[in-house]
Amino acid sequence: MIKILNKIPNRICIAVSGGADSMAILDFLTRDRKRDVAVLHFDHCTEHSIHARTFIGDYCFRNKLDFRAGTITRPKFNRESHEEYWRNMRYEFFESYSFLNCPIITCHNLDDAMETWTFTSIHGKSRLIPYKRKNIIRPFLITPKRELLLWCHNKSVPYVNDPSNVDTRYMRNFIRLEIMPKILHVN
1 MIKILNKIPN RICIAVSGGA DSMAILDFLT RDRKRDVAVL HFDHCTEHSI
51 HARTFIGDYC FRNKLDFRAG TITRPKFNRE SHEEYWRNMR YEFFESYSFL
101 NCPIITCHNL DDAMETWTFT SIHGKSRLIP YKRKNIIRPF LITPKRELLL
151 WCHNKSVPYV NDPSNVDTRY MRNFIRLEIM PKILHVN
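The working numbering applies: residue 1 is where the sequence shown begins, and numbers increase by one.
Hints in this document: simulated from the structure, not taken from any laboratory. Hints may contain errors.
Claimed, not checked - Pairwise CB distance ranges (calculated):
hint, residue 1, residue 2, range
1, Thr168, Phe99, 20 to 26 Å
2, Ser126, Phe77, 33 to 39 Å
3, Lys132, Phe99, 15 to 21 Å
4, Phe174, Arg33, 39 to 45 Å
5, Arg127, Asn63, 34 to 40 Å
6, Gly124, Asn6, 26 to 32 Å
7, Arg169, Asp36, 39 to 45 Å
8, Ser96, Pro144, 17 to 23 Å
9, Pro130, Ile183, 18 to 24 Å
10, Ser98, Thr168, 32 to 38 Å
Everything numeric in this text was worked out from a predicted model, so none of it was measured. Even for Gly, the Cβ is constructed at its ideal location relative to N, Cα and C.
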């Protein structure tokens, strides 16, 4: 069951990567056609990104959804990891849509919250993903990822898998694929 924190407004933007999480949320929030929705997609300029951008653009066209895409606007600073660089660029893009005067919903879920807490705890500064950051809200932080995958399966919602999500050279993936299963084994 998809669970939400707080009420979701009728006019929103949804950050959509094309993965199961964001496609489930997009379908969940647009199924009844009662909301005014714009889809925001950020192209990270990776090998997979053109495929994801095309997939989401086609999905939005077929479903008559407003689609807006952004991309990398500067080179990576030496001090930034690739993950940090992509996150910084993505949030800069999202914040550029504050003029729409509606919240941008990201599809962070309970699994993301657990991974973030684990990642930041290992670095000595435990923190949770906040519900709100400027014009961005995260109402699905209490929904387990398995519920979003189940939604996609039960409702025949298409999605794409980014092959880089299994590359454990990226610390987030290492935590997700190597550490989290061991933590869940304990509890």
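Now for the hints, and whether the structure bears them out:
no. : hint                        : result
1   : Thr168 - Phe99: 20 to 26 Å  : violated (39 Å)
2   : Ser126 - Phe77: 33 to 39 Å  : violated (26 Å)
3   : Lys132 - Phe99: 15 to 21 Å  : holds (18 Å)
4   : Phe174 - Arg33: 39 to 45 Å  : holds (40 Å)
5   : Arg127 - Asn63: 34 to 40 Å  : holds (36 Å)
6   : Gly124 - Asn6: 26 to 32 Å   : holds (31 Å)
7   : Arg169 - Asp36: 39 to 45 Å  : holds (40 Å)
8   : Ser96 - Pro144: 17 to 23 Å  : violated (31 Å)
9   : Pro130 - Ile183: 18 to 24 Å : holds (22 Å)
10  : Ser98 - Thr168: 32 to 38 Å  : holds (35 Å)
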